[in-house]
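Visitor: Single-letter residue listing:
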Amino acid sequence: MIRPAFVEPVLDAQDCFRAVLEAMSRPGRVQRLTMALDAPAPLAPASAAVLLTLVDAEAPLWLDAGEEAEGWIRFHAGCPLAVQAEASFLLATGTPPALADLRQGSDETPQDGATLIIQVESLEEGAGWHLTGPGIEKEHRLNVTGLPPGFASERSRLAKNYPRGVDIILCAGDRLAALPRTTRIEEG
Amino acid sequence: MAYVAVKGGEKAISHAHDWLAETRRGNPALPELEVDQIEQQLGLAVDRVMAEGACHDRGLAALAIKQAQGDLIEAAFLLRAYRTTLPRFGHAAPLDTATMRIRRRVSATYKDLPGGQVLGPTYDYTHRLLDFSLAAAGEAPPPAPQAAVAQPEALRVTELLAREGLMARDSESDAEPPDLTRQPLDFPASRAARLQNLARGDEGFLLGLGYSTQRGYGGNHPFVGEIRQGHVTVAFTPPELGFEIELGDILVTECQMVNQFHGSKAEPPQFTRGYGLVLGAGERKAMAMSLVDRALMAGELGEDRVAPAQDEEFVLLHSDNVEATGFVEHLKLPHYVDFQSELEVVRRMRATAIAEASSPAEKELAE
Amino acid sequence: MSHDPGYNFAYLDENTKRMIRRTLLKAVAIPGHQVPFGAREMPLPYGWGTGGIQVTAAILGPRDVLKVIDQGADDTTNAVSIRRFFNRVAGVATTTRTPEATVIQTRHRIPEATLTEQQILVYQVPMPEPLFRLEPRLTETRRMHALADYGLMHVKLYEDIARHGHVASAYNYPVMVQERYLMSPSPIPAFDNPKMHRMPALQLFGAGREKKIYAVPPYTAVRSLDFEDHPFRPHRADAPCTLCGSRTSYLDEVVTDDRGGRMFVCSDTDYCEDRQSTQAARGEQAA
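Residue numbers (this note's numbering), protein chains in the order written: chain A, 1 to 188; chain B, 1 to 367; chain C, 1 to 287.
Don't read these hints as lab results, they were simulated from the structure.
The beta-carbon is built from N, C-alpha and C at its ideal position, and this holds for glycine as well.
Be a bit skeptical, because a hint or two may be false.
Now the stretches of chain C that chain A is said to cover, found in silico as 3 or more residues with beta-carbon under 8 Å [claimed, not checked]:
1) 26-40
2) 54-66
3) 136-147
Based on the sequences and whatever the hints tell you, model everything.
Guide: Here is the structure:
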């Protein structure tokens, strides 16, 4: 039996999208999802909801979450699976792929850069990274546990390629936060 | 305060629409036009609305024509807006016009050819004299005589030329065709995207552009290789079934325009083809489309792109009458905020200009 | 509130919403960059707000309160028509009060009231390409944006100054977003441009006919193009509003007779009515 997706597909997707839009617009602010969702392990509710909200037949996906999760999202979203270098969405529940290996878009079509969803252990505002850039009035603080060491500096090495780049959505449990390519991270 | 902030926009809209409904119906003493009558007796209008509305449904096209009081662009818009709400199941197999059940077929390049010339139901060679007998309701005309033998399948003229090596062959592709209703047009556009755009394009716009190529704006030397009109079968393979099923027959008109090509470094001299395909009996549109299609190949064939009809961005971004009518007509929406800012600027510029113009004169007077 | 059961919530099908939502996220991630999207044919004409409507339809939820303005006013016919559309297909609450709205769809104005972090401003955009009068070819302008090569626009503005003493653009005045992308602010009066700079609300732009979406995230730098010796100056008619007396709001000029009679009133009807009712309340207290 394949587990169900959203209970209210239209309204839950809208609700989740607004959380992601808010996260992407205010990098480092943590959003909390409230809809019920019983996704297969190892998918956290937030990463499962983000996938259901954003991927479909027109959005090739790469994920490392195993067979059941793969079958579940393919059944509900009808999305094709792709290799890392060609995916428009990626979900990493384990070690995230090297950012430089993902689609970055071109200077004319930077929107083709990938969206990488990383499932982490926890997300807390108020401590940790110092974030600046568009969407942030002065500075946002974000503490993330569960990312490999050196992640922030790996990401900052791509900044010089702007507007090409990769946008990141961090998910932990029912919480999510985003790091669009414009956000600068200083480790705190 | 009568001048300001006219409240009751909602009421005004609703009253205007009531008036529109009354106008549409016309004199209620006369019988109401039935959708079936439009579908049967205004068939070419129905065809045009289906083509430009990009939706093959005669009944809905007829309804749209009725609702739009015969304004065919408005009718095409109604049909498009309905079309976008339909789910997309996939794309049909390419139509095979070689197996068309032909009701009209004309070639200007050969006096006779296999399959023959078939005039079919055409206005060609009618004398354009108003037929006053149609003004009064009368008997239906007697049925037209029919050939004893059904029209055989006929090889396409371009195929005859291609077998002789005289006609450039268009490459076949199994790739998923683009869908302009899903993805925005990108430039340079593929031929498939171009043809799709032209097939939905405004007949009048394509007619004018096609005509311009004949008058020297983009050197076409066209011959009607063939116009054929008739029924073809639409087939579709549902992914969940995995085999092809026939959805039905539709009437289409195809025009293949043959054009001389002097050759390039890569290609020897030969003929090239301009292609037009339109839903229904839209022959004028199919012909204009084939002229424009050929003109748009200028870049690929190494010909100079100098004429409007050869300019891909210009043609494809202005061919759609639903887009064009929307943007032209949006000018009647209120623009008083932008106009106010223009007023301020023009008044300031005038003040500066008048001050500059008068100051030397004043100096002269003073001297 | 319920929506018309004949249509999906907010009219668009879920596939279309997902496509627009993906586009919106990329637009936010690359401030000021025009992202192409598969704009659908809407039941309203192209050029009448189909881009803004599609953006609004993709973000709107049952908890939202929607305000629609055209030329700053809630009761202009096209604003009424769009508000009715959403009321019918999404059943959302609507308001004319700027502070009460969570989503504001606008044509040609930014409200006078300062927008907040809890609000999203959706602009209807007729021509998203700021360079189109100078270079109509999309292939060319796309390349210019890729290279951030905006010399053409600087030359145009400079020529304006040389000829007229100041820039001749009074609306749709071009802006630089985060010092990277040249962007059309849509045909808002230049007077409104400074409101875009570091606005706490998210700003989304939809161009349906041209099939582009772009965005300015909150607190993002938006600079009206200018020159050191000719700094950008927003202009308004030099008069108070006849109805509320405001000397800071943007004004519409109203012709009152055929002998040159003029009066000026706020273009933002909600702002004006709010001020009038506050004044009336004060008047009653005083009396």
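Visitor: How does the coverage statement for the region 136-147 of chain C fare against chain A, requiring three or more residues with Cβ below 8 Å from a Cβ of that chain?
Guide: holds (count 5)
Visitor: Is the listed coverage of the region 26-40 of chain C by chain A valid when you require three or more residues with a beta carbon under 8 Å from a beta carbon of that chain?
Guide: Per the Cβ count (9), the hint holds.
Visitor: Tell me if chain A covers the region 54-66 of chain C under the three-residue, 8 Å CB rule, please?
Guide: As far as the region 54-66 of chain C goes, the hint holds, because 5 residues have Cβ atoms under 8 Å from chain A.
The structure shown violates none of the earlier numbered hints.
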